[in-house]
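Asks: Please work from the sequences and hints to get the whole structure.
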Amino acid sequence: MALDQSFVGRSYPPTEPYEVGREKIREFAEAVRDPNPVYTDPEAAKALGYSDLIAPPTFVFAITFKAAGDVIADPQLGLDYSRVVHGDQKFAYSRPVRAGDRLTVTSTIETIKSLAGNDIIDVRGEVHDEAGEHVVTAWTKLVARAAGEA
Amino acid sequence: MAAKIGYDEVEVGTELPAQSFPVTRATLVRYAGASGDFNPIHWNEKFAKEVGLPDVIAHGMFTMAEAIRVVTDWVGDPGAVVEYGVRFTKPVVVPNDDKGALVEVSAKVAAKLDDSRVRVDLTAMSAGQKVLGMARAVVRLA
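Protein chains in written order, with our numbering: chain G, 1009 to 1158; chain S, 369 to 510.
Everything labelled a hint here was simulated from the structure, so no lab data went into it.
Glycine included, every Cβ here is placed at the ideal spot set by N, Cα and C.
Mixed in with the good hints, there may be bad ones.
For lysine-lysine, the following DSSO-like pairs were computed, each having C-alpha atoms within a straight-line distance of at most 27 Å [unchecked claim]:
id : chain 1 : residue 1 : chain 2 : residue 2
1  : G       : K1121     : S       : K498
2  : S       : K417      : G       : K1074
3  : G       : K1149     : S       : K476
4  : S       : K372      : G       : K1054
5  : S       : K458      : G       : K1098
6  : S       : K458      : G       : K1149
7  : G       : K1074     : G       : K1032
8  : S       : K414      : G       : K1074
9  : S       : K458      : G       : K1074
10 : G       : K1074     : G       : K1054
11 : S       : K498      : S       : K458
12 : S       : K414      : G       : K1098
13 : S       : K467      : G       : K1098
14 : S       : K476      : S       : K458
15 : G       : K1098     : S       : K480
16 : S       : K458      : S       : K372
17 : S       : K414      : S       : K467
18 : S       : K417      : S       : K480
19 : G       : K1098     : G       : K1032
20 : S       : K372      : S       : K417
21 : G       : K1149     : S       : K498
22 : G       : K1149     : S       : K417
23 : G       : K1074     : G       : K1121
24 : G       : K1054     : G       : K1121
25 : G       : K1098     : S       : K372
26 : G       : K1121     : S       : K458
27 : G       : K1074     : G       : K1098
Calculated from the model, a selection of chain S residues having no Cβ within reach of chain G, i.e. all distances over 10 Å [as the list claims (entries may be wrong)]:
id : residue
28 : G374
29 : V378
30 : L384
31 : K414
32 : D441
33 : E472
34 : V477
35 : L481
Which stretches of chain G does chain S cover? Using the computed rule of at least three CB atoms under 8 Å from a CB of chain S, they are [said to hold, decoys possible]:
id : segment
36 : 1023-1030
37 : 1066-1079
38 : 1109-1121
39 : 1130-1144
Replies: This is how it looks when you write it as structure tokens:
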């Protein structure tokens, strides 16, 4: 089923703030087995000029994807979420995410396409800190595979 | 920011030290917990096969997280990464044995940009297949 093109350009209200915790950053760094001390040791982060631990570059995806999930679950959009796979992912950073940040995400549907029966949707998530400063933008391309295809 | 590589030290074609990242089922379970992505295709073989996959596959975002380490280990300061994007072209299939899979990542400087920035192009392979396409990072050097 072709998705409703009128959703292109639609923005959703900012999410409730997500507070970035030191232990969550450490847990993530451990899960990707990245021993860079800037993720675990506040002194190492300070030596690089940061006020607290910073997060690995892809950490913020957990936050933006949750926000994108609320968008694509919009029943009016009609996307079959059980058939969705991740196509592309891109980030553009103003600064790294750091412990203590309270981040909100504002999601916008950038494009909707139908290609060989697959529905393709691009969602942009703008991430801002508590002061309203831009931290990172995440672009997520999701592909809902055509029904009947494995 | 404190990149340990100087813009003047690199040229187009400069290779970054390549790295290999092993992935087992245990790795994926841990990543699922840390990232909050509990999609069963990343830990439940029966479910993965039912939806047409050859076996459990790694989270694309796990592969993306490992690949950028070639850049962040090189530059020292992960905050020097100003852009990073990939296309998920092939899944990393992770068998249920003690070896799992291996993701091999190489990278080289593809362009020198303004403002001390360079574009790095990455290649990520697993089981002889390219698992990431258009994998590029823009990094601000010293």
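Asks: Now tell me if each hint is right for this structure.
Replies: Each hint tested on the structure:
{"no.": "1", "hint": "G:K1121 to S:K498", "result": "holds (25 Å)"}
{"no.": "2", "hint": "S:K417 to G:K1074", "result": "holds (26 Å)"}
{"no.": "3", "hint": "G:K1149 to S:K476", "result": "holds (25 Å)"}
{"no.": "4", "hint": "S:K372 to G:K1054", "result": "holds (15 Å)"}
{"no.": "5", "hint": "S:K458 to G:K1098", "result": "holds (17 Å)"}
{"no.": "6", "hint": "S:K458 to G:K1149", "result": "holds (15 Å)"}
{"no.": "7", "hint": "G:K1074 to G:K1032", "result": "holds (16 Å)"}
{"no.": "8", "hint": "S:K414 to G:K1074", "result": "holds (26 Å)"}
{"no.": "9", "hint": "S:K458 to G:K1074", "result": "holds (24 Å)"}
{"no.": "10", "hint": "G:K1074 to G:K1054", "result": "violated (30 Å)"}
{"no.": "11", "hint": "S:K498 to S:K458", "result": "holds (7 Å)"}
{"no.": "12", "hint": "S:K414 to G:K1098", "result": "violated (31 Å)"}
{"no.": "13", "hint": "S:K467 to G:K1098", "result": "violated (30 Å)"}
{"no.": "14", "hint": "S:K476 to S:K458", "result": "holds (21 Å)"}
{"no.": "15", "hint": "G:K1098 to S:K480", "result": "holds (20 Å)"}
{"no.": "16", "hint": "S:K458 to S:K372", "result": "violated (33 Å)"}
{"no.": "17", "hint": "S:K414 to S:K467", "result": "holds (20 Å)"}
{"no.": "18", "hint": "S:K417 to S:K480", "result": "violated (44 Å)"}
{"no.": "19", "hint": "G:K1098 to G:K1032", "result": "holds (22 Å)"}
{"no.": "20", "hint": "S:K372 to S:K417", "result": "violated (45 Å)"}
{"no.": "21", "hint": "G:K1149 to S:K498", "result": "holds (19 Å)"}
{"no.": "22", "hint": "G:K1149 to S:K417", "result": "holds (24 Å)"}
{"no.": "23", "hint": "G:K1074 to G:K1121", "result": "holds (22 Å)"}
{"no.": "24", "hint": "G:K1054 to G:K1121", "result": "violated (45 Å)"}
{"no.": "25", "hint": "G:K1098 to S:K372", "result": "holds (24 Å)"}
{"no.": "26", "hint": "G:K1121 to S:K458", "result": "holds (21 Å)"}
{"no.": "27", "hint": "G:K1074 to G:K1098", "result": "holds (16 Å)"}
{"no.": "28", "hint": "G374", "result": "holds (16 Å)"}
{"no.": "29", "hint": "V378", "result": "holds (20 Å)"}
{"no.": "30", "hint": "L384", "result": "holds (15 Å)"}
{"no.": "31", "hint": "K414", "result": "holds (15 Å)"}
{"no.": "32", "hint": "D441", "result": "violated (7 Å)"}
{"no.": "33", "hint": "E472", "result": "holds (15 Å)"}
{"no.": "34", "hint": "V477", "result": "holds (18 Å)"}
{"no.": "35", "hint": "L481", "result": "holds (14 Å)"}
{"no.": "36", "hint": "1023-1030", "result": "violated (count 0)"}
{"no.": "37", "hint": "1066-1079", "result": "holds (count 5)"}
{"no.": "38", "hint": "1109-1121", "result": "violated (count 0)"}
{"no.": "39", "hint": "1130-1144", "result": "violated (count 0)"}
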